[in-house]
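J.: Please take these sequences and the hints and turn them into a complete structure.
Heads up: the protein sequence lines correspond to chains A and B, in order.
Going by full-length UniProt numbering, the first residue of the first sequence is number 1, and it counts up by one from there.
Going by full-length UniProt numbering, the first residue of the second sequence is number 1, and it counts up by one from there.
Incorrect hints may have been included.
[As the list claims (entries may be wrong)] With a straight-line Cα cutoff of 30 angstroms, these simulated DSSO-like cross-link-like pairs (lysine-lysine) come out:
#1 A:LYS73 with A:LYS15
#2 B:LYS118 with A:LYS73
#3 A:LYS69 with B:LYS105
#4 A:LYS72 with B:LYS95
#5 A:LYS15 with B:LYS62
[What the hints assert, rightly or not] Sample of chain B residues lacking proximity to chain A, with all beta carbon distances greater than 12 angstroms (derived):
#6 VAL6
#7 GLY109
#8 ASN112
#9 VAL114
#10 TYR120
#11 GLU122
Simulated from the structure, these hints should not be mistaken for laboratory data.
All values reported here derive from a predicted model rather than from experimental measurement.
Every residue, glycine too, gets a C-beta built ideally from N, C-alpha and C.
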Amino acid sequence: MSDTIYYTPSIESNKQKLQHVHDIASLVLGVGSGVLTLESAYGFIFYVVGITLTNLLFYLICCEGQPHKFFKKPVQEVFLDGVLTNVAGYIMMWCLVYALVKSSS
Amino acid sequence: MASSLVFYFVGVLLLVHSGYSSFEFHKLTVLSHYSGSLPVDIVAEAVVGILIIVIGSISSIKNLPVLSLKGEKVYHKSTYLKFIEMKNAVTVAEKVGLSDYDELKNRIGFINIVNKRKEYTEWLASGQTKA
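T.: Next up, the structure:
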């Protein structure tokens, strides 16, 4: 399969769509962990579990059972790439919402 | 796109409500010296809100139909993502008669419309004199 010709705009478009889902998921997970007032390692466990579930949903719904037609390396690109880069956004929302919720006490 | 907006709206509403509930709960725990964990309904509301927003974000990345030169809507074969193999990826572009690079090839912004118009009127006039 090394001589398969790929169409670059489609690859870019798929990556952008996955990135869009990751952006929203990480921010919303941050809001959620702030509301639940999670602290220290629990927050990061919550993030890893949440983003993996999101990726699983994306993999099951969006790839329509044939992930190799949409990604060169489906498992790596969907489940591993972008998990660490979105931690920053997650922590931002986590801190903000945590501070708002706990501000009275 | 409209359905994803509904998802976002409902999800944000749930998250805001659970956030306010959590805020009130923490305020009350301080005032009444109650030491207990967050009630289950607030946790459930927050989790459901997260789930709804994530589903909304997935439904917002659907492929939009492409308008062909004849004015017909051409749909992609896949609902969410685009095929990356060349043989599958170019089918829609072939149906429409355009490619992603047409914007670079044609440079519509650089067309001198006055000049084109002049050429066209001259061509019209030359046709009339011949006929």
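J.: Are the hints correct? Go through all of them and say.
T.: Tested hints:
{"no.": "1", "hint": "A:LYS73 with A:LYS15", "in the structure": "holds, 12 angstroms"}
{"no.": "2", "hint": "B:LYS118 with A:LYS73", "in the structure": "violated, 54 angstroms"}
{"no.": "3", "hint": "A:LYS69 with B:LYS105", "in the structure": "holds, 28 angstroms"}
{"no.": "4", "hint": "A:LYS72 with B:LYS95", "in the structure": "holds, 25 angstroms"}
{"no.": "5", "hint": "A:LYS15 with B:LYS62", "in the structure": "holds, 14 angstroms"}
{"no.": "6", "hint": "VAL6", "in the structure": "holds, 15 angstroms"}
{"no.": "7", "hint": "GLY109", "in the structure": "holds, 20 angstroms"}
{"no.": "8", "hint": "ASN112", "in the structure": "holds, 29 angstroms"}
{"no.": "9", "hint": "VAL114", "in the structure": "holds, 34 angstroms"}
{"no.": "10", "hint": "TYR120", "in the structure": "holds, 34 angstroms"}
{"no.": "11", "hint": "GLU122", "in the structure": "holds, 39 angstroms"}
Of the numbered hints listed earlier, the single one contradicted by the structure is hint 2.
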